[in-house]
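Participant: Full structure from sequences and hints, please.
Which chain is which? The protein sequence lines are X and Y, in order.
Per my numbering, residue 1 is the first one in the first sequence, and the count goes up by one each step.
Per my numbering, residue 1 is the first one in the second sequence, and the count goes up by one each step.
It is worth saying that the hints were derived from the structure and are not from the lab.
There's no promise every hint is true.
To be verified - Below, a list of computed lysine to any residue pairs in the SDA-like style, where the Cα atoms sit at most 25 angstroms apart:
#1 K53/X / E265/Y
#2 K210/X / K184/Y
#3 K184/Y / L228/Y
#4 K184/Y / T135/Y
#5 K277/Y / N241/X
#6 K18/Y / N241/X
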Amino acid sequence: MARPRKRKEIFALGNEAVVEGALLAGCSFYGGYPITPSSEIMEIMAARLPLIKDGVFIQLEDEIASMGAIIGASLAGRKVLTATSGPGFSLMQENLGYAIMAETPMVLVNVMRGGPSTGLPTSPAQGDVQQARWGTHGDHPIIVLSASNVQECLDMTITAFNMAEKYRTPVILLLDEVTAHTREKIAIPNQGEFEVFSRTVPSMPPEWYKPYEETVRGVPPMPPLGSGYRFHVTGLTHDRNGFPTQRPEEIVELMERIHRKIDQFFYDIQLVDTIDTADADVVVIAYGSVARSAELAVRQARENGVRAGLLKLKTLFPYPRRQTEKVLAHARTLVVPEMNMGQMSREVKRVNMGRASVRTINRIDGQIVTPSEILKVIMQG
Amino acid sequence: MSEITGNEIIHQYLRHNKKFPHVLCAGCGHGIVLGTLIRSIHTLGIPKDDVVIVAGIGCSGRLAVYVDFNTVHTTHGRALTFATGIKMASPRLNVICIMGDGDALSIGGNHLIHAARRNIGVTALILNNNIYGMTGGQSSPATPEGATTMTNPYGQLDASFDTVALARGAGANYVARGTVFHVKRLEGIMEEAISRPGFSVVEAITPCHTQYGRKNRYKTPVDMYKWLKKAAVPIERFEEMTEEQRRDRLPIGVFVAEDRPGFEERYLALQAQMRAKGGK
Ligand SMILES: Cc1ncc(C[n+]2csc(CCOP(=O)(O)OP(=O)(O)O)c2C)c(N)n1
Ligand code: SF4
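Facilitator: Here it is, written out as structure tokens:
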């Protein structure tokens with residue numbers, strides 16, 4: 001019997017781990033524009049992709065072009081990635097909406113920096129949480145993931161690609177500067193040790209194919225451009241054939257389907273880690289590097305006799321409602337520390353509906369949230 | 001209703017499952033440009049599956065809906081960026097971008113410059129009607145100085161962009177201009193543009209009587225086509241004209257015709273070299 005291959009261990013930056021994860025997931029196309037603190041993702045891709053069969057790296061003239069290029073490449077059948085930070089993310093929003101409407105898989109990494117505007121280029125912040133949710137115009141579903149350490153950067157990037165392909169949608173991975181620029185030892189999983197999902201391609205004859213047809217999962221199959229399935233792709237509201245429509249019933253059908261295909265799979269999509277939440281009176285809800293501070297604070301609180309727990313959000317949107325409901329069954333207090341003025345605590349309060357008391361810790365000065373800050377609030381009950 | 005016989009080339013390329021009528025005004029030049037594009041693809045014998053039409057937003061952008069190729073209707077001004085991604089992902093495909101003058105020169109101006117600089121193997125077809133047609137006749141970067149539009153009721157102050165000079169300056173491989181009055185010549189230009197490697201820019205002058213003509217002394221489509229007939233002169237003749245004769249004249253023909261390899265070709269060559277050196 002073959003011995004299981006040992007996992008290769010490397011010492012990597014969060015941004016580097018994103019690249020490893022993307023390549024493991026089958027990413028073969030990167031289009032981007034540099035911006036701190038995300039640039040390493042682009043630089044490493046520039047070195048790696050030309051060495052890989054069919055690997056394409058292209059530096060575009062701006063973030064708008066980056067999004068256009070990766071959407072085009074995705075329509076041509078590739079697994080695609082771009083990475084950016086705050087101001088670049090803002091520029092990407094119009095085409096992000098296009099990718100949602102045209103159901104184009106892609107992964108967009110935003111290493112957040114302080115804002116608004118050019119803000120704090122090299123300081124940690126979590127200021128784009130609501131931009132990730134609502135940055136593009138119109139009503140739309142979105143999948144937003146996060147990572148709190150370097151290993152998770154790799155793992156969540158693979159997850160992001162899988163979800164993008166599975167649900168035919170853009171997936172945003174929101175990192176903060178601390179996570180992106182921390183160097184840690186990580187294990188690279190061997191092929192076969194993790195799931196790699198690729199979009200479903202149609203198997204019916206081209207004449208039968210309807211590009212935006214209703215299916216059981218709500219996700220229509222997607223052929224690459226040039227493979228014999230000729231159809232129309234548009235950002236306009238379209239019918240099942242992909243042609244623009246203004247008929248109320250067709251508009252509603254499309255909008256409901258693109259929402260449903262994501263909302264109904266919350267068990268697959270809404271990922272959290274829990275530490276000591278089963279009996280916790282006080283539950284900290286955190287994400288990104290702040291979740292690491294929170295983990296230490298929760299352990300220290302337990303040592304001090306307080307029944308504290310941590311709900312670490314790995315999926316930010318759709319907001320993990322079920323998992324929050326679970327801790328709300330007994331928690332008296334929810335503590336939400338974050339590096340912004342309260343962008344995720346809004347979601348927590350929305351789900352909480354006044355049941356527990358919600359305490360927020362907000363840092364907006366480009367500094368990290370420390371374990372002792374969180375501990376202090378936990379100890380206040 | 002006239003009978004559709006299916007003998008016309010266009011009938012082999014229109015989408016029969018698309019609900020007609022189309023969105024264009026009667027007399028609009030855009031349909032003529034689409035006709036020349038289809039006939040040139042037909043003449044070149046390129047299979048439908050190998051053609052991707054990428055279009056921007058505007059009346060011109062809507063052309064992609066009606067033709068039976070792989071068609072991608074993108075965001076305003078961004079068609080070339082999508083096209084760049086498609087071409088890099090699948091270099092074997094013939095990628096043709098249909099853009100309006102507002103689309104290509106205003107909001108998409110930066111992408112046009114960089115597509116030319118990169119010399120990406122895409123054909124850019126710019127339908128210049130001197131105006132923003134779809135949004136109701138506001139001025140575009142191609143609106144002539146002094147002309148009247150909805151957003152400069154007292155006359156356009158800005159100078160008008162010269163698409164040919166811009167594309168040539170930025171490094172396009174092939175640059176040509178034609179008009180919808182000179183259909184045969186436009187068709188020839190289109191064939192050459194599609195066949196060349198690298199980035200090709202074809203500017204097609206196409207009248208919009210609805211939004212531009214009616215405010216600028218050309219009330220009917222016929223007035224506009226008469227203007228095209230009079231204004232356009234082949235570049236060879238234009239060059240021999242005096243400064244005085246050149247006024248209000250529009251040189252048409254081929255301005256740049258080179259055969260430099262496209263970005264995708266250069267990338268693939270570099271990749272082969274790097275992989276031979278020890279890549280995976
Ligand atoms: C980002 C953005 N800005 C503005 C618009 C509105 N818009 C739609 S078409 C158009 C201009 C169309 O003019 P042109 O590109 O010259 O094409 P034409 O309609 O004349 O063929 C504009 C400004 C838009 N759709 N998107
Ligand atoms: S508004 Fe002008 S460009 Fe648009 S369809 Fe009518 S004539 Fe053509």
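Participant: None of the hints should be skipped; say for each whether it holds.
Facilitator: Hints, verified against the model:
no., hint, result
1, K53/X / E265/Y, "holds, 15 angstroms"
2, K210/X / K184/Y, "violated, 37 angstroms"
3, K184/Y / L228/Y, "holds, 14 angstroms"
4, K184/Y / T135/Y, "violated, 30 angstroms"
5, K277/Y / N241/X, "violated, 47 angstroms"
6, K18/Y / N241/X, "holds, 9 angstroms"
In summary, the numbered hints that this structure violates are 2, 4, 5.
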